[in-house]
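*Asks:* Since the structure of chain X is provided, determine the placement of chain F on it from the hints.
If you want the building blocks of each chain, they are given just below.
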Amino acid sequence: MSPPRVAFVRARGLHLAALLRVEPELALQPLAVLDADHAAARGGALPPGFGAARVLACTAAARSLGVAVGQTGHHARAVAPDLRLRGASGELLQRARAALLDAVATVGARLAPAPEGVWVDAGELAGMYESEAGLGAALTEAARRVGLPVAVGVAGSLGVAAVAARGGGVTVIPAGDEARYLARLGLEALPLSDALRAELRRFGVTRVAELARLPLDAAGLRLGEEAAAAVRLARGEDDRPLVPHALPARFEEGVDLEWEVQTVEPLLFVARPLLDALVARLTCRGLGVGGLVLSLDLVTRVADERALPLASPTRDVPTLFALVRAALEKQSPPDAVRALRIAALPRPLRAAQLGLFDPPGPAPARLALTLARLAALVGAERVGAPAAPDTHRPHAAGVTAFDPPRTPRAPGGPEARALALHVYRPPREVEVLLGEAGLMGLRAGEARGRVVACSGPWRVEGDWWAEPYAHHGYDVELEDGGLYLVAYDPVAARWRLDGVYE
Amino acid sequence: MNLCSVPSPTAIAMSSAALDLRLAAARRVLAETSQHLGVVLPAPRAPGGRTRATVVPTGIAPLDLALHGGLPRGRISELSGARSSGRMAVTLHLLAHASAAGEPVALVDVADALEPDDLSADERARLLWVRPGDLHAALRCADLILDGGGFALVALYLVGAPPSTVLARGVPASAWARLAQRAAGANAALLVVTDGDPRFRPGAFAAVGLAVERRRARWVGGVPLLDGVEAELMVRRMRGGAAPAEGFRWGDEAPP
Chain X
24 MSPPRVAFVR
34 ARGLHLAALL
44 RVEPELALQP
54 LAVLDADHAA
64 ARGGALPPGF
74 GAARVLACTA
84 AARSLGVAVG
94 QTGHHARAVA
104 PDLRLRGASG
114 ELLQRARAAL
124 LDAVATVGAR
134 LAPAPEGVWV
144 DAGELAGMYE
154 SEAGLGAALT
164 EAARRVGLPV
174 AVGVAGSLGV
184 AAVAARGGGV
194 TVIPAGDEAR
204 YLARLGLEAL
214 PLSDALRAEL
224 RRFGVTRVAE
234 LARLPLDAAG
244 LRLGEEAAAA
254 VRLARGEDDR
264 PLVPHALPAR
274 FEEGVDLEWE
284 VQTVEPLLFV
294 ARPLLDALVA
304 RLTCRGLGVG
314 GLVLSLDLVT
324 RVADERALPL
334 ASPTRDVPTL
344 FALVRAALEK
354 QSPPDAVRAL
364 RIAALPRPLR
374 AAQLGLFDPP
384 GPAPARLALT
394 LARLAALVGA
404 ERVGAPAAPD
414 THRPHAAGVT
424 AFDPPRTPRA
434 PGGPEARALA
444 LHVYRPPREV
454 EVLLGEAGLM
464 GLRAGEARGR
474 VVACSGPWRV
484 EGDWWAEPYA
494 HHGYDVELED
504 GGLYLVAYDP
514 VAARWRLDGV
524 YE
Chain F
20 MNLCSVPSPT
30 AIAMSSAALD
40 LRLAAARRVL
50 AETSQHLGVV
60 LPAPRAPGGR
70 TRATVVPTGI
80 APLDLALHGG
90 LPRGRISELS
100 GARSSGRMAV
110 TLHLLAHASA
120 AGEPVALVDV
130 ADALEPDDLS
140 ADERARLLWV
150 RPGDLHAALR
160 CADLILDGGG
170 FALVALYLVG
180 APPSTVLARG
190 VPASAWARLA
200 QRAAGANAAL
210 LVVTDGDPRF
220 RPGAFAAVGL
230 AVERRRARWV
240 GGVPLLDGVE
250 AELMVRRMRG
260 GAAPAEGFRW
270 GDEAPP
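So the protein lines, in turn, are chains X and F. Position in the first sequence (from 1) plus 23 gives the number in our numbering. Position in the second sequence (from 1) plus 19 gives the number in our numbering.
So here's chain X without its partners, still in its complex pose (with noise of 0.2 Å):
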């Protein structure tokens, strides 16, 4: 059996490549993520709590001002008095690792999360890649499609990859070669807890070679179980098993506004980037989007929240873009928005074998791409096969999801349709003029004269128990030859003219 091998993906500047994700026309700005709680400030006073706080990273930009790594809040802006400000987001984080996992599970199957990237089980994978490297290359471009920069390393343990992937780039151990590359590294190399780290510098040691050789149950003893790992990591020995973990099942993409916004324009700026990013994860995962759900936070500290159904599951971003804009266009938000979050309903992208023989017809996935469309212009409800729903309501209609038969219709065409009712949605007015004769003649817009024939009522009644409703309906010929369906309604008692034959 071949010794276990392990990769280590971990995600460069995790908290800034979080939040430039879903906001990417930050990147060339001067911005600083703090460690704070989320808030954002662009200028002026800083909010409390920023003052202190600690640059956890910053763009390029900001660097060339003189923002670095580990400065205050008030120093970073006292260097850069444009520098725009965010808090660390536990929530942007959090959405950052699930999309780092669904990248890094279409390169392996058998991973487990970290707080700072992913493990995967490099040994199922030997036989896939030239080289391990190659494998490092591929997990690397497979992130990148997410947004997320990072770095990956690929030794026999999980400890050993982890600190090889500190190195950036692609940096791989061969196996049983583990001590040897760890003996080269600086103590700062190892992922240790800043008091564990004085206490070693207290004893003199400095360089991994210098803690390897520390006796391992004297260690443990006088300083504690962390240092006895911190030993047998430096040693080169980590036996600890890559537990697999279920790949996460929620989909949704956020983003905190730096100012209140009312109109819809600028709530659409920032919903694109999210869509981008959610139809990259989903992507990743061979899925399709079922449908969003919109979540826009109020500074009423209300959440108001709307659900944007799909004809089809589509992984095209203009068509949800379409649709999340006809959502915010056909009722705007009631009050200032401070947050906007996309949830994407995950569904399995439309599959069919096509037969060699069927006719021509639209390709299922051209097919949903069309749906989609559809439904984001005219609405979901409003996009279909037509269905008679099971009700003796007149003129009920609906639809059901479109999915034509392939094959043809069997033998025996269409008969000629002799008449078709062409219905009015909703019902017009109309005044009856009545006679002993019954009908005599109508009046509703276009539709008005004597009556020359006439035959009813058609009388249909039902759903007394709810909502009920009733039908008397009279097929009617007009001096002009118009021919119009009449109904008299005894549950509202009024006339109302619900179609034309045509």
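Fair warning: there could be bad hints in the mix.
Computed from the model, here is a short list of chain X residues facing chain F with C-beta under 7 Å [to be verified]:
no., residue
1, Arg258
2, Gly384
3, Ala443
4, Tyr524
Simulated from the structure, these hints should not be mistaken for lab results. This structure is a prediction, so every number in the text was calculated from the model and none was measured. Glycine is no exception: its CB is placed at the ideal position from the N, C-alpha and C atoms.
*Replies:* Just chain F now, kept in the frame of chain X:
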């Protein structure tokens, strides 16, 4: 017959079905001549399956004959008529017949006028029904459906369209030009159904213009029951060919 003569512009503009007829006649003359001269000619190539279908049969035999097979694919056709002339019945018949071969069809119903019970369950399953609610959205829906491709026939039912603020002066020519281009790309027949209002008619963009005229309503039985509308279906315009002078009876007792 002079086979070497230069074809006239009229002949070039003929529809493919008419060309096929001329070609068959030419082959027949050639065969007779070769037989007379004792020359053996190679057998004509059997029609292959790689050519795209050029028409959508209507299922109305005399109309198919007049249109050289049916509604032309990749082109706009127009159907117009007055109230109660049978516009909806003809439209549903064309959609139902076009979908019988297995290709789906679409109805862009701007007035939300379809009664689902007028179609059988199988016809409903093969029909994509879109209810845009206004004229501008209806044109965009037709554009999207044609852009998606795969539909044999797309019916744009503009009868009873609510007034549009965006297109108050009707459908602009640029929209028809775009739809004609989309229909050609999708190899689909686009049927525009109007009430004859020139603001909503495709006009010169339509390769085929059909009109339906009401003859009389058919009432049957002692207590009269409305049984149907008898109408006349006419080809008013046919690009690349002469429209027949007489119409065809529609909704008569015997199916057409």
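*Asks:* Each of the hints needs a verdict: does it hold here or not?
*Replies:* Status of each hint after checking the structure:
1. Arg258: 63 Å, violated
2. Gly384: Status holds, d = 5 Å.
3. Ala443: 4 Å, holds
4. Tyr524: With Cβ-Cβ at 6 Å, under 7 Å, it holds.
Hint 1 from the list above is the single one not met by this structure.
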